[in-house]
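2 protein chains.
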Amino acid sequence: MSLIVVGTVAFDSIATPSGKADRVVGGAASYIALAASHFVKEQELISVIGEDFPNSFLTMLESRGVGQTGLKCIQGEKSFFWEGSYHDDLIGRDTLVTELNVLKGWEPEVPEKARGAQFVMLGNLDPTVQLSVLNQLERHPELVVLDTMNFWMDIALDSLLKVIARVDVLMINDDEARQLSSESSLLLAAAAIHKMGPRTVVIKKGEHGAMLFEDGNCFYSPAYPLDKVVDPTGAGDTFAGGFIGHLASLGSTSWEAKKQAIVVGSILASFTCEAFGTERIASLKKTEWQQRTKYLRELVRVNPVTTDEG
Amino acid sequence: MSLIVVGTVAFDSIATPSGKADRVVGGAASYIALAASHFVKEQELISVIGEDFPNSFLTMLESRGVGQTGLKCIQGEKSFFWEGSYHDDLIGRDTLVTELNVLKGWEPEVPEKARGAQFVMLGNLDPTVQLSVLNQLERHPELVVLDTMNFWMDIALDSLLKVIARVDVLMINDDEARQLSSESSLLLAAAAIHKMGPRTVVIKKGEHGAMLFEDGNCFYSPAYPLDKVVDPTGAGDTFAGGFIGHLASLGSTSWEAKKQAIVVGSILASFTCEAFGTERIASLKKTEWQQRTKYLRELVRVNPVTTDEG
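Residue numbers (this note's numbering), protein chains in the order written: chain A, 228 to 537; chain B, 228 to 537.
Among the hints, a few may not be true.
One copy or any two copies: either way a pair holds, since identical chains are not told apart in the list.
[To be verified] Straight-line distance between alpha carbons at most 27 Å, and here's what the computed DSS-like set of lysine-lysine pairs gives:
1) K455 with K432
2) K422 with K455
3) K432 with K521
4) K521 with K331
5) K432 with K389
Hints in this document: simulated from the structure, not taken from any laboratory.
Can you make the complete structure from the sequences, with help from the hints?
Set out below in structure tokens:
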């Protein structure tokens with residue numbers, strides 16, 4: 228088992244300027260696992276659900292190689308539920324309802340067979356759960372990627388810093404990078420975050436693309452330009468799943484592989500933005516994402532600047 | 228005379244989180260002309276100043292090939308003055324003082340020798356002044372580039388739309404593109420603006436780079452990542468000057484040349500952001516901007532994505 232994915236598997240009710248979706252399957256780990264399944268044949272999901280969770284989704288995950296030994300189902304309880312409403316800019320959003328349900332007091336268990344995993348994706352979640360997963364591993368994996376958000380910086384910074392110190396890649400958005408580092412320049416923010424532990428920093432900028440920082444090098448990928456964003460929920464998780472899925476499939480953590488993984492993550496995230504829920508990323512075809520990958524290459528292609536004057 | 232530049236030549240008092248600058252030389256045309264002077268040996272400046280304007284700046288412009296037959300100096304009057312204060316994000320800003328002074332009632336005069344110019348840069352200014360300049364030209368130039376801002380959309384939309392209908396390239400920022408087109412997607416905004424006249428649309432996104440749209444093609448350049456932005460005043464004008472200066476020096480309006488011109492504009496603008504006023508863009512060396520151009524190429528360089536799975 229080379230890849231394990233930790234995160235929520237849940238229900239979301241979402242309102243955006245494009246419409247509404249009521250109690251669709253969501254959660255960070257759902258998006259991550261589906262995105263990664265386009266690259267790896269096997270992975271292990273560590274999460275928790277209630278008895279209200281649809282079996283059809285689990286069957287679909289299983290058919291895509293997502294192992295569920297580490298997925299705990301608690302009878303008599305309900306799955307995690309989030310309801311939110313996006314502002315017109317599709318960036319700001321208001322949380323209307325958060326029902327933790329099965330997440331309360333959940334202690335993750337990494338299945339025996341997955342404790343030697345080489346690639347570990349810690350999806351956005353309580354940092355104490357993320358720490359518990361790391362503590363159950365046999366040795367430090369080839370690559371541990373951590374995704375988190377400002378919510379945990381606000382209420383659990385100490386635990387979060389402990390996880391950050393133990394991961395190879397920290398993945399956050401630009402505002403969060405500024406909050407965590409107290410730096411306004413993203414270059415300086417990345418430098419400050421390196422000092423907290425992670426050799427590699429990924430800063431997600433939504434429609435403005437993503438940046439990768441490692442060993443003094445910097446790579447930038449634009450986002451795939453969309454005519455219309457229907458729902459950005461899960462875009463960051465999809466990005467994370469594409470990123471680690473690509474690296475796990477190559478079995479590589481090289482700079483070149485990571486740059487490609489940023490492109491893959493960006494492209495996959497663009498599909499998630501085009502519809503509510505996980506269906507678009509689940510139904511995605513290889514030819515579709517490859518076509519967008521080619522488009523993104525062309526988007527930044529330019530001959531070296533030559534001048535007559537100067 | 229292959230390039231003419233129209234815009235303000237003025238004084239600015241600016242406060243940013245980094246400090247203050249009191250009555251430094253600014254104005255769209257000052258930045259444009261200085262940026263373009265790194266590429267073309269000759270250009271003609273169309274603007275207006277008062278008797279308070281320092282001769283030293285004009286002498287410096289002249290030494291860089293900026294002709295001033297079309298620069299009117301009105302005795303007994305004062306130059307245009309703007310005072311503003313930037314918010315912490317260096318995007319929002321409050322205008323504290325605007326003294327139009329010599330701009331009131333100014334009618335631009337294009338010198339005889341410049342009426343056949345092949346490249347025309349209409350810097351941000353009252354659209355009736357921009358129209359007057361176009362009306363004085365012998366024929367439609369090779370390329371007319373228009374820079375404008377939301378202020379003119381708010382108070383002079385009819386005149387602005389008349390100018391927009393007559394130019395080849397419209398250059399605005401992302402918020403302005405959305406305002407002008409009533410589209411939230413930049414792809415759709417560019418498509419709507421094409422229908423207003425311009426074959427080519429340039430959308431400036433500040434620290435997030437710039438996009439170029441033409442004939443169904445799209446090009447994207449990131450901004451040069453900076454450790455610190457001291458003052459963004461004039462960055463858009465510098466971008467415009469680098470863009471048209473590069474094209475005028477090549478004598479080309481091809482898609483490839485325009486893509487390079489976007490890169491050149493982005494790089495030059497990064498220098499303007501690093502200090503108050505025009506001194507940084509004036510003192511810039513070729514080796515300095517070329518080095519950043521190479522960095523920007525490397526920043527987006529990635530091998531094609533290959534996969535083992537799929």
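Evaluation of the provided hints:
For the identical chains of this complex, K455 and K432 are neighbours both inside a copy (17 Å) and across copies (18 Å), given an alpha-carbon limit of 27 Å. For a Cα distance limit of 27 Å, the shortest separation of K422 from K455 across copies, 19 Å, qualifies, whereas the shortest one inside one copy, 38 Å, does not. Taking the shortest alpha-carbon separations for K432 and K521, both the intra-copy value of 21 Å and the inter-copy value of 23 Å come in at or below 27 Å. Neither within a single protomer nor between protomers do K521 and K331 lie at most 27 Å apart by alpha-carbon distance, with minima of 44 Å and 52 Å respectively.
Proximity of K432 and K389 under a CA criterion of 27 Å is satisfied intra-copy only: 25 Å inside one chain copy versus 36 Å between copies.
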